[in-house]
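K.L.:
So you can see what is in the structure, the chains are spelled out below.
Protein chains: 2
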Amino acid sequence: MQRFVNDPDEVVEDTLKGFVKAHADIVRLSEENSRVIVAKDAPVDGKVGVITGGGSGHEPAFLGYTGQNLLDAVAVGELFSSPTAKSFLDAAKACNSGKGVVCLYGNYAGDNMNVKMAIKLAAKEGIEIATVVANDDVCSAAPDEREKRRGVAGEIFMWKCGGAKAAEGASLEEVRETAQKAIDSCRSVGVGLAPCTLPAVGHPNFSIEPDTMEVGIGHHGEPGVRVEPLKTAAEVGKEMANIVLDDHGLEEGAEVAVLISGLGATPLDELYILNDAISEEIAARGITIHKTYVGNYFTSLDMVGATLTVMALDDEMKRLLDVDVRCPARLL
Amino acid sequence: MQRFVNDPDEVVEDTLKGFVKAHADIVRLSEENSRVIVAKDAPVDGKVGVITGGGSGHEPAFLGYTGQNLLDAVAVGELFSSPTAKSFLDAAKACNSGKGVVCLYGNYAGDNMNVKMAIKLAAKEGIEIATVVANDDVCSAAPDEREKRRGVAGEIFMWKCGGAKAAEGASLEEVRETAQKAIDSCRSVGVGLAPCTLPAVGHPNFSIEPDTMEVGIGHHGEPGVRVEPLKTAAEVGKEMANIVLDDHGLEEGAEVAVLISGLGATPLDELYILNDAISEEIAARGITIHKTYVGNYFTSLDMVGATLTVMALDDEMKRLLDVDVRCPARLL
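Here the protein sequences come in this chain order: A and Z. When you line the first sequence up against the UniProt record's numbering, it's residues 1 to 332, in that order. When you line the second sequence up against the UniProt record's numbering, it's residues 1 to 332, in that order.
Excised from the complex, chain A in its bound form (with noise of 0.2 angstroms):
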């Protein structure tokens, strides 16, 4: 396992440490647990906070996106695992300056579980957290059940609206609606060409095979809907965008944020020659692309992929996406 790792058991530990010292102007590490991470400045009077969770090897997800503008602290798990109810507790904790807490995660089994849980524990405190639960992998469940389908990209921009709304002096629940919004607004689609390992186990816990591709996979290497033979960037591109597309019902003249976020171990010239096809098959629905983003946002340790989110957007989604943030994940 050619990787920079110390024991494979303490890679989201060694990670944190390594994290809050390159971040140390816009991040901490909580004082109360070694799980959470807390924007520099948080709590800010009079602000509701706005905070995540998820499980680590997404990086830079979840934590990079806690900064200004955006999240002010995130819930840490061990890798692919959800944080704890405690974890996202004191994330909460940190972040509330009395105005409550909104809690913007992923649609996954222990994320859902352990997020209830704190939301009770909360209450006790005086605190109260509402939430939104991201749904934005199409492939993950039919159209018409859409809340059984799982969080992935579309959460940046969840992250982003309602981290941008948190900070415009919203209340919690104008943050929560249009948080909520946002995610709505959003569907994803994943393809793996080959799978991720986690250190302590040192071989893959999926496959895919050499010259085929996973349509519809998860970030922890979720079975997609269909195994392919692999085809040209151009006619996989058009695939994922047919997919978002045709299940988001957009109409001509809509305006779309467009995100293409490689998987990890995936070089980025590709993920442009993807985003070649991509906005020519959304621009031939007449469908205007209003900002695309391009890079490793949100990641699956080494897997070797990319997913497709689009984002309709109005001009509030709009103005809230344009708003300036600063997080260690888009450093320069």
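Among the hints, erroneous ones may be present.
It does not matter which identical chain is used: a pair holds within one copy or between any two.
Said to hold, decoys possible - With a straight-line cut-off of 30 angstroms between C-alpha atoms, the simulated DSSO-like cross-links for lysine-lysine are:
| # | residue 1 | residue 2 |
| --- | --- | --- |
| 1 | K17 | K231 |
| 2 | K17 | K238 |
| 3 | K120 | K40 |
| 4 | K291 | K40 |
| 5 | K40 | K318 |
| 6 | K116 | K40 |
| 7 | K17 | K291 |
| 8 | K318 | K17 |
Note that these hints are calculated values from the structure, not bench results.
Starting from the known structure of chain A, arrange chain Z on it as the hints suggest.
P.N.:
Same frame as chain A, now just chain Z:
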């Protein structure tokens, strides 16, 4: 080969197509040369033009650093090959406002040759091109032969400081001096864990045996100074820091910027694990870290590995480094 490509011989062409579609709000393709990326607002009246150029396969370098307060134009080469003299020339022409152009590029034979030729061609058209040649890669030549060293990720700091200086309205000579000072203040080292593959070749053009690492490896797989058994991240990070700092000869009390870049297929969490050891080693020498950048800033296709760049800072370098930029490489 599990990749998102169309014709493997058209990777650069297809990357550029997807790149300009993604970032049309920041960049455009030159109308005169399909291998030149130009900042949307270039040329800026009264501003020195700032250009670079280099082989493709290092995305987001070089083209991703085109934008506000950064590069005005970039000459794009084929994979791991220098851009042509004409492309360097056309990049210069695209951003020349009459105050001259500075070309900030890396020390490779092809680039040196083509930039020299571009300077002559530009002179005939009345455009002055000044140059700074990056040579921050410590292991590529001995300390007393720094002019033989290759340029690697230190180029990003050179672009940032040079670009910010030019945006302030400095003269050609002032911009050149600033960029020269920036790269003179940088030292870098690379460690490779697994090789990369040119899509048109289909197999790696060099090898790194499992359970070993190549210390001092170049961005194109140029041999390092030694092959060692793969150590823990703590040991590798310490070794990288020592190589860079020993060559740097910084005194206690010095202030630095740190850039840890993945080489393409190394997950972000591992870069943070490396940073834990790197930042500790820097601190142990009584050196203060002003800012740390961790991510895929300068890659080599799908190579597994990382580079460390340490830049010594004075007040001016710090100020220029902190200037906000807007470019495709770091969009959120």
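K.L.:
Hint by hint, work out which the structure violates, then give me just those numbers in ascending order.
P.N.:
Of the numbered hints given earlier, the structure breaks none, since each of them holds.
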